Structures are given as C-alpha cells and as structure tokens.
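Student: Residues per chain are reported as follows:
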Amino acid sequence: MSPATVMEDKAVKQFIKTVGGEIAAQLEACMRCGVCAEACQFYLTTGNPEYAPVWKMELLRRAYVQNFTVIGKVKTMLGLEKPISKEDIAHWTELDFHACTVCRRCSLACPMGIDVGGLISKVRAGLTAAGSTPPDLLHMKDKQLEVGSPNGATEADWIAWYDWAERERGIEIPRDVKGAETLVVFTMLELGSFRENLVYVARILNAAGVKWTVSPRARDAFNMGKVIGDKKLEKLFAERIINVAKELGVKQVLITECGHGYAALREDMPNIYGGPLPFEIIHITEMMNRLFKQGRIKLRKGVFDNGHRITFHDSCKIQRTGGLFDEPRELLQYLAPNSFVEMNPNREMTICCGGGGGVRAIKDAYDLRMGAFRLKVEQVEKAQADTVVMTCSNCRLQFMDGFKHYQLQKEAVGLVEMVAKALID
Amino acid sequence: MNLDWYYMARGPLFKFAVLFFLFGMGYRLFMLLFLGWKKDYAPARGSAIVGIVKAFWHHAWPPEGLREVYKGRLLAVLSGDIFHLAAFTVILFQPAHVKIWGKILGFEWGSLPMPIVDIAAGIALISLIVMAIDHLASPVRHLTSTTMSWLNLFFVFLPLLTGWMTYHHLWLPYQTLLTFHMLAVEWILIWMPLSKMSHFLYFFVSNVIHGVKFGKMGTL
Numbered sequence: 458m459s460p461a462t463v464m465e466d467k468a469v470k471q472f473i474k475t476v477g478g479e480i481a482a483q484l485e486a487c488m489r490c491g492v493c494a495e496a497c498q499f500y501l502t503t504g505n506p507e508y509a510p511v512w513k514m515e516l517l518r519r520a521y522v523q524n525f526t527v528i529g530k531v532k533t534m535l536g537l538e539k540p541i542s543k544e545d546i547a548h549w550t551e552l553d554f555h556a557c558t559v560c561r562r563c564s565l566a567c568p569m570g571i572d573v574g575g576l577i578s579k580v581r582a583g584l585t586a587a588g589s590t591p592p593d594l595l596h597m598k599d600k601q602l603e604v605g606s607p608n609g610a611t612e613a614d615w616i617a618w619y620d621w622a623e624r625e626r627g628i629e630i631p632r633d634v635k636g637a638e639t640l641v642v643f644t645m646l647e648l649g650s651f652r653e654n655l656v657y658v659a660r661i662l663n664a665a666g667v668k669w670t671v672s673p674r675a676r677d678a679f680n681m682g683k684v685i686g687d688k689k690l691e692k693l694f695a696e697r698i699i700n701v702a703k704e705l706g707v708k709q710v711l712i713t714e715c716g717h718g719y720a721a722l723r724e725d726m727p728n729i730y731g732g733p734l735p736f737e738i739i740h741i742t743e744m745m746n747r748l749f750k751q752g753r754i755k756l757r758k759g760v761f762d763n764g765h766r767i768t769f770h771d772s773c774k775i776q777r778t779g780g781l782f783d784e785p786r787e788l789l790q791y792l793a794p795n796s797f798v799e800m801n802p803n804r805e806m807t808i809c810c811g812g813g814g815g816v817r818a819i820k821d822a823y824d825l826r827m828g829a830f831r832l833k834v835e836q837v838e839k840a841q842a843d844t845v846v847m848t849c850s851n852c853r854l855q856f857m858d859g860f861k862h863y864q865l866q867k868e869a870v871g872l873v874e875m876v877a878k879a880l881i882d
Numbered sequence: 004m005n006l007d008w009y010y011m012a013r014g015p016l017f018k019f020a021v022l023f024f025l026f027g028m029g030y031r032l033f034m035l036l037f038l039g040w041k042k043d044y045a046p047a048r049g050s051a052i053v054g055i056v057k058a059f060w061h062h063a064w065p066p067e068g069l070r071e072v073y074k075g076r077l078l079a080v081l082s083g084d085i086f087h088l089a090a091f092t093v094i095l096f097q098p099a100h101v102k103i104w105g106k107i108l109g110f111e112w113g114s115l116p117m118p119i120v121d122i123a124a125g126i127a128l129i130s131l132i133v134m135a136i137d138h139l140a141s142p143v144r145h146l147t148s149t150t151m152s153w154l155n156l157f158f159v160f161l162p163l164l165t166g167w168m169t170y171h172h173l174w175l176p177y178q179t180l181l182t183f184h185m186l187a188v189e190w191i192l193i194w195m196p197l198s199k200m201s202h203f204l205y206f207f208v209s210n211v212i213h214g215v216k217f218g219k220m221g222t223l
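Order-wise, the sequence lines are chains A and B.
Going by the numbering used here, the residue at position 6 of the first sequence is 463; the numbering climbs one at a time, nothing skipped.
Going by the numbering used here, the residue at position 76 of the second sequence is 79; the numbering climbs one at a time, nothing skipped.
No farther apart than 25 Å at their CA atoms in a straight line, the calculated lysine-lysine pairs in the BS3-like style are these: (1) B:K199 <-> A:K539; (2) B:K74 <-> A:K839; (3) B:K41 <-> A:K474.
The set of hints was computed from the structure by calculation and includes no laboratory data.
In this text, all values refer to a predicted model and were calculated from it rather than measured experimentally.
Using the sequences plus the hints, can you model the full thing?
Tutor: Below you can see the structure in the form of structure tokens.
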C-alpha cells in the first residue's frame, strides 16, 4: 500500500468512525441548496463557490454516500462515484482550514437544520487523521504538546506573567491554592498580548471576595486538539486543566477571554468523558454578570458614556454557541447606557471576525481573513462605533489586525478591562 | 396506451409502489437508528424543547439576521418554500387525491375546488422551473449539482406536469394522460427511498437534532 493510499484510507476511516445516526440524518437531509454560502464570510468576500460551507463538507458526504448508502455502494462498484484522493485531501485542507473558522453561522442559516459547521469540524478531523493539517497549526500543536502553550510559552513564562502582576501592579496572584473556590485559567493569546487582563481579572475577583487561584500547571485554555480535530489531543490538553482543578478541589473553573478553551472544556469534555465534569465551567463574561447581579461587585453606572459610540461583537464560541448573549449586554448597558449601540446582524447571527478556528495562525490565510474582516468593518462603520467590545482575545487580536489593515482609528477592547476599570473599590 | 397499462397503474403497480415506499423508508429509518446515537453530556444552558420549536418556527418566520442571509439566495429559498406549499396543496387537497388518501387511510378530509388546485399545480411547476434555473445560475448550486439532483427535479416535475395535462385534457387522450400520471407518481414513490427525495423525512429529524443541540446551548 503506497503512503498516499494510506493517507486517503486514514481520512476515510476517520469519516466512517465519525458517522452515527445524528450525522447520517443531517447528511441525508442536505439538499445542497447552498443557502449556507450566504452565511459564510469567506464566500461572501471572495465569491468563490468552493468556500460555500456545503462544499467544505463534501469529503464527509462522499465518504458517507460511498460507505453507508445502497445507491452509493452500487455506484462505487460501477466506478460512478469518485473515491477520495490525495489531491482531494490537499485541496480540502485549504478549504476547511484556511477558509473556515468553524463559526457555525452556516449551521443557523441552513433551511434543513443541518449543523454544517459541526460537520466541517468532522472533515477537519479526517484531514488531520490523514496527516494533512496546515504546518502552522501543526507547529502550534507540537508546541502545546512540548511546553504547554501553542505559542511556545513555557511554565517559566507563565510564572513570569504572574510575577510581573505582583511586582509591577502590586496585586497578589494566588497560585495552586488548595481549597480555593475558583481556578482561573488564561490563554497564552490573552496574556501574551493583553497581560493587563491578569490584573483586571484579579481585581474583579478580589472585589467580589471570590477565593480564587491560578496554577502554572493548568495551562493553556487554548486547545490545539480542538482546532485541528484531534479528540485524543483535545482530551490531553483539557486534562492538564481538569486534573489540576480536581487536585485543588475547586468548585469552578473560570475561563477568561478565550472562546475556544471555554467550548473545549464546557461542551466537548463532558462528551469525551461520557459524563459531567465535577465542577462548573464558567466564562468570565457570565462570572462578571453573576457577580454584578448578586451585588458582589459594584460598578460606576455610565462610566463609559464619554461621547464615543461603543458596540459589541458576539463571538462564535462564547455567544453563538455558548449562549452568553445577554450577560455582556446587561453590563454594557449599565456601563455605557447612552453610548452602547448594536451592530447588525448580532447575537446568534453575528458575523464571525474571520480569525477563529486557527485561521489567524495560518500565515498563508492572511489575505482571506483580512478579506473576511471587511464585513466586520462594514458593520462597525454602519453602527458608527469607535470602540468594539468583545469577550474573546482571539477575536480581539483579529480586530486589531483588521483595524490596522484597513487603517481605521478604532479600538478593540475586552469586556474584562471595562468592568475592572468601572469597579467601585 | 392500452387499457392493460391503465389497470396495471391503478392496481398492482400502485400497490407495489406504495409498499416499496413504505418498506424503503422504513429501512432508511431503521438504518438511521441502527447507526447509533450519542448522548450529549454538556450542561444545558437553554431548553431543547424551545430549540425544537424555534428550529421549525424560523422556517416559517425567519428572524432578522436570518432574513438577511436568505436575501442572498432568495430565488432558492422562495422557490423551495413555494414549491413545497403548492405541491402539498395538490397532493393533499385535489379531489381525486383526497379519495385515494381516503382509501389508503380509511378516512377523508375536505378537498379544494379544482380551479384552486389547478393554480397550485401551476405554481409548483413554475417553482420547479425556477429551481432548475437556480441550479444553473447560482455558482454554488451549480457546483453542488449532480446528475441525481437533476433527475430528482425531473422526476418531481413529471407527475405534476402529467396531472396538470390530465386535468386540462391536453394533447393526448384522457386515459392515456391519467395512466402516465399514475405511473409517474408510482415511479416517484419507488425513487424516494433510493434518493435525496427522502429528505422530506430527514428534514424533521435534522431539525429536531438542530433544535435540541442549539436549544441546549442557549443559542435558540
């Protein structure tokens, strides 16, 4: 068997392994109408029909038809069905990794109710099984495997961030505290680019009287296993956090401004384990809203009503598939009741920033993701907003890249920063 | 066309087609269940029931953000929706069809006047032509079109066209047209379990899955 055949077989085997009743029902329901294309930022900004989500899941459909349906089997025997080739795998690697953030807007647009984005993530898993993951993502996966963070940040780097906060900002960062209520987990994306977030989160939790801790071992919230579709790795990376949480006996694992890590722990891990986790997985957005509503943190009302217009970007993993739509809005309406405006569309039909799902890390996808960001620019300009608030660091970095690319004098801000700055001591 | 074909189409062929359809769809459904279903252990933020209701309701009344998306494929969305409404009006409320349903199910319902059914049939036929144009005009639809999708359109077109011609007594003797019409219907009953035409069943399964999933997530 040639290496190429092995490669294709691995992809097909992964696809076959993936297919259960839920996936089969969706593939059978798909009439390939292409409505999903109108929900995809990559199709909308390029007009390339191959970027239609329905086409991105084509390999899974073909594997299903050829292996699970009577007509498909007959057609395969007669040579009327095209088997998945090495060239297909290379081609779909570009389609599914460079031109898809797995934002799942397409899933909500599908008239047949198909979770198109979810199926595309299954294609990614097949491509990864075939050894066809983009090199930039593979490099990040290797780094996370070797040192703990996809950008190569080591335990020493994380400790250095904690030390910096204590030394330069005079705020204690409790570490590995047994019996703490909440384990706070950051991502290297956040601390590498917005290290003040460490201070902001600490201030908010301290103000609320939460007994919290970090652990340099519980890193990184970002999960490259999820990005590339490798469940074993996703579990391995998530367990670095879960095991520490169990050891410390916390009641909560708080994920800060990372959508990806939140979804991996809250949505995926219970299903990988086959049961619920022994603690709550909570996102900082929900935590801040909860503390505010419970009266445990006091905020200055209207503190951001300063003549600038503020809007909110719904992230795919925190808002669209995380359901945290009202939590950030309630806070923003309190902090900036006169300045807060909505972009349209928003909430579950929000347009993705174009940088998620690992796309931001793929250098060759730069033009595509900046092209996709044009839709966001149009939304922000239509809302006449100067500041865009969000709850995901990856989105924030994409917004910063995008504003720079389009030479716009606009600001991308994390909600944590706003809440921390509005705290009444 | 001789009388033998007429009686064949009315009797044994019709029975065979109905049985083939029932066994075929039953087999498809059984296979679907047999493939296994995973339980979702992720903690629920919202209600699965609300999700299911919204999943179906959004088809009837799309929320603002979804309307924006649909605008981009208005031809496909409208032709699809209108076709289904018109076709089911014909299938369920044409007076002769109501009698056939009555024989199969053991009870009947009120039929619609033929002029209304005639208009519905015309609308369904036009919608199918629009869908065919969309297959050619939309770059995405063109890419995803296969021989099977063209065959599906053609096989749906045939019973509607022959039924419409029968009602209007066009070109051929009435009994010949009626025989063609019945044969076309029987063929579609056989074709359905073998093709994407079975989507009528999966539409419900898929939307329930969608509603449960996105309802629990708190998305819907």
